[in-house]
Structures are given as C-alpha cells and as structure tokens.
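Engineer: If you read the protein sequences in the order shown, they are chains A, B and C. Here this note's numbering is used: the first residue of the first sequence is 1, the next is one more, and so on. Here this note's numbering is used: the first residue of the second sequence is 171, the next is one more, and so on. Here this note's numbering is used: the first residue of the third sequence is 572, the next is one more, and so on.
Check the hints yourself; a few may be wrong.
[Unchecked claim] Keeping only pairs whose Cα atoms sit at most 20 Å apart, straight-line, the calculated SDA-like set for lysine to any residue is: (1) Lys556(B) / Phe316(B); (2) Lys757(C) / Glu132(A); (3) Lys345(B) / Lys845(C); (4) Lys158(A) / Leu59(A); (5) Lys845(C) / Thr930(C); (6) Lys529(B) / Val464(B); (7) Lys757(C) / Arg592(C); (8) Lys87(A) / Arg1016(C); (9) Lys87(A) / Gln811(C); (10) Lys887(C) / Thr459(B); (11) Lys761(C) / Leu127(A); (12) Lys345(B) / Arg1016(C); (13) Lys345(B) / Leu364(B); (14) Lys345(B) / Lys757(C); (15) Lys430(B) / Trp254(B); (16) Lys87(A) / Leu812(C); (17) Lys863(C) / Ala357(B); (18) Lys327(B) / Phe316(B); (19) Lys430(B) / Gln811(C); (20) Lys761(C) / Pro53(A); (21) Lys556(B) / Met335(B).
Read the hints as simulated data drawn from the structure, not as lab findings.
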Amino acid sequence: MSGEIDVIGSFATEEMCVHAIEELKDARIKPTRVFAPIPSEHINHALGYGRSPVRALVLTGGITGILTGFAVTIGTSMEWWLNAGGKPIVSLPPFIIIAFELMILFGGTSAVLGFLLNSRMPQLDPLPGYSERFSSDRFGVLVRCAESEKDRVEGILKEAGAETVAHQAA
Amino acid sequence: MSSHSEPSKPARPVSPDDVKIPAGVVGTLGVLTAVGVVAFIAALSAGLSQRVWEIFLVNLLFFLGVAQAGVAASAAFYLTQARWAGQVQYRLAEAFVAFLPVGFVLFWGLYIGRIEIFPWILHPIPDKESWLNTPFLFARDGLGLFIITVLSLWFVKASRSEEAMEWTADSANIKMPPRPIRRLAPAIGIAYVLVYTLLAFDLVMSLSPLWRSTLFGWYFFAGAWWSALVVMALIAVLLGRRLPAGNVFSRPNVLHDYGKLVFAFSVFWVYTLFAQYIVIWYGDIPIETFFIVVRDHYMPWMPLSWSAFVLVWVIPFTVLMGARPKRTPAILGTVATLGIIGLWLERYVLVVPSLSPHKVPFGWVEALMTLGFLGLFGLCSLPGMKRVIAAASSTAVGESE
Amino acid sequence: MAAAAKPVSGPTYADIDRGVRKIMEAPGLAYWAWVGFCFTLVAIAAALWTRQIYEGLGVTGLRQGPMWAMYITNFVFWVGIAHSGTLISAILYLFRTRWRTAVYRVAETMTLFAVLTAGLFPIIHVGRPWYAYWLLPYPNERSLQPDFRSPLVWDAFAVSTYLTISALFLIMGLIPDVANARDVAKGWRKVLYSIVSLGWQGTDTQWQHWSMAYLLLAGLATPLVLSVHSVVSWDFAMAQLPGWHSTIFAPYFVAGAIFSGVAMVLTLVIPMRKIMHLEDLITDWHLDSLAKVILLTGLIVTYSYGIESFMVWYSKDPIEMMTFHERYFGYHGWVFWVCIFCNCIVPLALFSPRIRRNTVLLFIITIFVNIGMWFERFMIVAVSQENNFNPSQWAIYHPSITEIMITVGSFGWFLGLFSLFARFMPIISMTELKEGIHWLREAVRDDYYPGLK
C-alpha cells in the first residue's frame, strides 16, 4: 500500500513488550501483530483478546463423538440381534465406554482443526516483520502505519524499551 | 455476623483469639447436639435399636470421613506444595480435626450396638470367623483409628507451627515444607488409605458378609475425600460472603481452585463406582451382583441410590465444567450443598440396605440423630473455624496463582 | 517510561535455546551404532514374526490354559509406559506443576512410541493378522459388526483414540519449538522443520488459538490416562477367571502404568542428560520430583497387591485361593517374589531425598521397577491362566524363542525410534522452559530442601 510502512520493535522481555502494547494503546495506535517466543496471557490481555472460538468447536466435536458412539453401538447391535453372554441387546455400560472414547477422539481432532483453521495455518509465507529471533528470545511488536506516523510510533516503542526498531515498506 | 466494607488495610494478621463466633451459632449447634442425644436415648428406650445403630454408623462414617479426609487433604496440599490460597487452605482443611478424638470415642458405641449392625455376630460364617469376629474387629479398627487420630493431631500441631505458616505464605519458590511436615504428611497419607480401607471393609462391606469387591476400600475413602472437599468449598463460599471485604475466600481464583477439586474428585468417585459396576455387571456372578441390584435395581432403594448418583456426580460434573460457574459463589455453594447431601445419602445407601433390604428406615430417629451428629461435628469444628476466619480475614496471605 | 531490564541470575532464553539446539546437531558414530543396534534387534524380531505368520502360532509357547502370554504382557506393558507420558504432559499441565516443563516432551515422545509399540502386539498375537481390520465397524453385506460388548473392541477404540490424541498433542507442542529449530537450521533439516512447524511464526493470533487448543487437548487427554489403561485392565477383569476378575484392576493398572512409565522416563532421561550435558535444563529437582511420583505409585501398587491377597483370603473361595497359592508358590512363583522385590521393596529407597538425588542409584532403581512391572504383567496375564476352572486345561507356559526375541525387538523398536526423534527433533520443550523460566532458575539454585544440605 503506498505510504504505509511497517515499524517493528524488538523487545528482550515479556514485560517490556506488554508495556509497549499498553503505551501504543494509550496513544490510540493498535499494534498490527505481536510476535512472541512463548504463549503469554499478559500479551493477549493487553491486546484485549477474548476467548478463542476453538472452544466451541471442541464442544461440538465432543458431543458429536458421544452421539456417534451411541449411534454406532446401539445401531449395530440392533442390526444383528445377537445375545452375547446373556447381556441385553442394547447394553449401556459397555456402550458408554465406546461413546466416551469417541467423544475424546472427535473433541481432540476438533481442537487441532480449530486451531489450524483459526490461525490460518499452514502459513506458507513468512509474515511481514518476522525475524528469526522472535522464535528464540525476542518479542516483536509490529505496527503498520502511515509514513507520517513513523517517528511517533518509533518514539513510543523506543521509550517502552525496544532494543531495536526497524522499518520496512508494507 | 455483620460484615463491614472497610478500605483495604495494610497487612495485620488477625489472631484466632480475637475471632468471636456468634452466640447464635454456638447455641444452635448445642441444641442440635442435645436433640440428637435425646433422640438417641428415646429411640433406644422405644426399642428401635436397629434403626438407632444403623444411623449411628452412617453418621459416624460420614462425619469421621469429612474430618479425617480434611487432615489428609492438608497433608496432600503440603506434599504437592500447593499454596494457591496460602495459609487459609491448610487451616480450612484442618478445621475439623477436633472431631477426630470425639469420633474415636463414638466408634466404641458400635460395640454397644454391634448385634444390630454386624449380621455375622448372630449368624457367624464358619469360614470367615477368623476375620469377622467381635474382638479382632474392634481391636484392629480401634487400633487403626487410634493411630490415625494421634498422627492427625500431631500433624496438625506441626502444621500450625511458625515455620509451616511461613512456608505457606510465599509460593514463589520451590522450597519443600519444613522437616516435621515432610515426615508426617506421607505418614498421614498412608494411614488414611490403610485405615479407611480397613473401616470400609469391616464396617460397610462386612454388613453383607458374603460380598466382596477389591476396589471397595478405595471407593469408600475416595468418597470420604470428596466429602471433605465439598464441605471446604461450601465453607469457602459462605465465609467469602460473610467475612470483611478482601478476605481470601472472596477471591474468584480461590473459589475456582476449590471448584476444580470438587469437579475432579467427583469424576474420580464416579470412576471408582463405574469400575466396580462394570466388572460386577459383566461377570454376572450372583455372589457379587446381589449387593448392587438391591441398591440400584430394586425398590425401595433404587430411587435413593440414583439420587445419590445425581447429587454426587451428575450435578457437579455438568454444572461445574466451565470456569465461570466455579467462580460464582452461589453456584459453587449450591453444588457443594447438594453434594454434601448426596454423599451422606451415598453412605446411607452403602450401609443400610445390607441390614434392611426391603424397607427404607427413615423417620424421626434418623433425622434427629443426624442433626445431633451435625451439631456435635459443628461444635468440635468451632476452634478450627476460628483459625480459618482469622487466617482468611488477615490480608497477609501468600499470592494465589 | 522505559522499563529497565532487571538483572537476572540463572539461565536465559538464549541459554535454553543453545542447550537444546546442541542436541540437534549432527550426531557422531557412537549414536549411529546404537541406532543400528536397535534396528538390528527389530530386524531379527521381524524375521521371526514373518516365520510365525507363515508357520502359525504353534511356534509360540501359547497353549490351552495360557492362551495370552508374552505378547499380551508386552501389549499391557507398553500401553502402561505410554500413560505416564500423558500424565506428565497433560495432567500436570492442568495442575500447573512447575517441574513438568523440562521433561514433558521426553515423556510425550515416549508415549507416542510406546503406543506404537503396544499397538503392534495385538496384531502380532492374532493368528491371521490380515484380518485385524475386523475389529472396526464398517458396512458389509452380512451386517456383521464387532461386538461392542467385548472388552477387546473397547481396546481397539481406546488404544486408537489414545494413539491419535497423543500424536496430536505431541505435534501441537512441537510446533513452536520446531519453528525455533527451523529458524537456525540449514539444508534438509530446514525443509523438514518448515514442514512440521506448518509455518508457525508466533503471532498473537496463532498463540491465542494454540493456547486454547493445547489446554483443551490437555483436558481431553487427561481422562484418557485413566480410561485407556482401565479399558486395558478390563480385558482381564471382565473374565470370571480368578486372578483376573477383580474390581480394583482399573485404578491398580493405571497406578502401575504411571509407576512403570515414569520409571522409563527416568531410564531415558538420566543417560540422555549425562551424554548431552543437560544438567542445567533437567536439574536434580526435576529428577527428584519424578522419583516422588514413582514412590507414590509404587505404594499404590503395593496397596493393590495387599488388597488382592487379602480379598482372596477373606472370600474363602476355594478356587481363588488355589489360583493365588499357585501364584505365590507354584512353578512360576518366583515371578511373584521378583515383583514384590522390584515393585514394593526397592522403590521404598526413594523415601530418602539423598537417594532420589543420586542419579546412578535412581537409574538402577528405575531399571528394577521396569523389570518388576514387566514381570507383574506377566504374572497377572499368563500365570493366572495356568490354573483356570478346567483342570484338563491346566498347563505351564514356556516362552519360545520367537516370543522372547519379539519382546527384545520391541525394546529395540521403541528405543530406536525414540533415539531418532531425540536427535532430530527438539526433545526438550524450549517454549515451556522459557515460559516457566522462573522455576528453572529456582531449581538451578538448588536449595529447596531446607535442612538437608
């Protein structure tokens, strides 16, 4: 986009990164992206994120699993009416076990699928602003802003303790 | 007790001696106890001795279970270095310890009522006489209870030491608890498992002397463990509301942690229940199945067993699954109350159908004696509760994670 | 205002990265010799299995009476090993246990490969392995379906679910770490890591969804730890055979699984730590904590032995009493006493903090535990069947060379796969160690036993 640049500040600790995000928020600038080597509730909180929708997907998956479990077991038992060991045709105690396992299987697969879909992974190309140190020991705050804002943003990042501040064309 | 909202004060520990339990509370508990004693005597005089001793046993098992499992929970907290509520979680778990010696004394009441409780006294089973006979049973159970009562009192004393309280205050390190605790806590854990397995086999399983289940002891003390957790959760909810603002129990994180314990161990209880059920159901061996079917399949006991199941597992599991319900005092408190009733009912359903398979004996005898036990348990717990209130009210407690 | 960086003592993020990345450098000859040895054992086992498929199960020692023996013992043993991995990675994650971070990836990897090993054994054990798919429900002309009332079918579902969930959980945890490795790798490694990490770049959105998915997976994997080994134990408990039909089996097997599994984790971690100089990442505190888990579960196993024996005596059932008499004093009675020694007596040494922190002694104890737990499975599975209800079926089980070498081969398979993973993938979770760096620094200070030093 013409006139827009990416300003990337690199921070050595989580605290400084969170501080920078809050300073930016105070200045009514929203960070475009934050890179971190560790999961951080503080960063999420500072960015104002609510709960991930992956939860709902897992719940759906789990319930589907239970229903499938009972459907398969009860359905197939009734298809071939065989008395095995004097147990009732529709024997719930063992069927509970199958339903339970399928609940976990479907729930777990939904969790992973939900994660991949929501994060838009696999992410084939490197995202703008990414640096190799962000997977190791640095936190990155990326702000996409107009050329004119660049100095103000850089100033905020430096004041918050950025080790380095880089910029590149968007 | 009136609670004022005060502006947050700098940390000033409150001493248990400064805590005043309202006279109304003490009075009510005293009256309940007296009522129980009167009912006990009246029922015995009226010739209702079987009902008296049945309900005596049920209540003894339930309330001793809460008190003892509370101490075991404190030991477990030390062993897992749990400091999510600082000193308070330990004081609350240990609050009921004074009931243990009282329970030990009450245990000997079973000797007086033994003919009503143990079918194998009037109808001895020849093969089993070497284990199921009066002197040996009372000697071993008495000794077990004695040992664990002494250990518990010793442990709680160590837990109330300066060193231990200092340790509970700071959770930002990986330090182990002080040495006396490091010695006593595992001993409590082992004693709890062994003694309560023994009590389960002798005082519950032997009431149907032909039945056996290897998991029964574990199932029994897992239920007792849960009963202590729900009592703690309920007290946490009640005190959170009544104590001055800013007290430890008013923190949602603390309630969340109690809620997680209630949830998780409710699931463990149902797991031990299902593990017995599925094995006995599948094998379909009459000497094993009769115990279960009297309780869960035939009237009059079926509705009571299923109610206990709903109260102890279905409700806690479905209601407390999310994070928010666990943090809501009203919800956690309701589930805990229902859970306490549920586990009491479960103990009732374990004991009484063996002695009275076709009739549910529940009337004034059972109700009043249960209230009596409740009153006595409450009175014994008052000193411990004062410590809890003192610890919870002072703002000088450790960080919760 | 700029927040000044506080001076820090102890390892930094960069230290953690350095320590773990060193493990992933090109290994030397000794390593390849070891891997070669492992897979040679696998090749021998494979050859013997091929012979077994061709000639039939008669080449084994299986017979009427002991129809389930070494193969099923191995199945239960390896599934048991797997469970402790999930306990450490999932359950202790939910408990926010602080010492979990350095060892959880080793444990979870161990789980995956143990399940892969365990899953082979039912297939090895059946006479016509090409029909193994009959265990799963699929539409067919005769409407034949698996009997869901059978514990063997529960097993198929439980173990497949466990394999899938463990693999997913491991991969989820690996993604950020492999991205870390990708960023410093070159050549074919960079390609491999890029594929496995799925382009992970640690953005806020990615972390948000990752954390939720990881937490929920941990929550789902938790009941698996209890349920899968309970289902495996019910393979036996559902039968009416004395020695098998016992309600305590489910939690007893789960405790035993964690017991043998954590011992196996230590068996792997102690040499790994020594060879690759990881003492500052996997500290004495981590080993001490794992040892305490072994002690606790060992006590539970001891309790279970006691209860089982007591209940047999209490029941006065003549057949059960006969079975247990044979278990203690019969032809295979020595197995029981090996179990008592290895599982009940040896772990008591772990009550001593000095022994827990002595890596040599700890390693030896874990070997004893693994031997004891293998024999315990053998005792329960095979020896119980030697004296069943029908005297004409009474028979002693004698293992054949096929079964012994396949057992040995299974260890080769497991250790070989684990060794390959450990050198080419991040075997310690850099991400989680960094997340919990405060506790790592505490551990390195090593002063958490007041009054001990």
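Engineer: Enumerate the violated hints, using their earlier numbering and listing them in ascending order.
Structural biologist: 1, 3, 4, 8, 13, 14, 19 and 20
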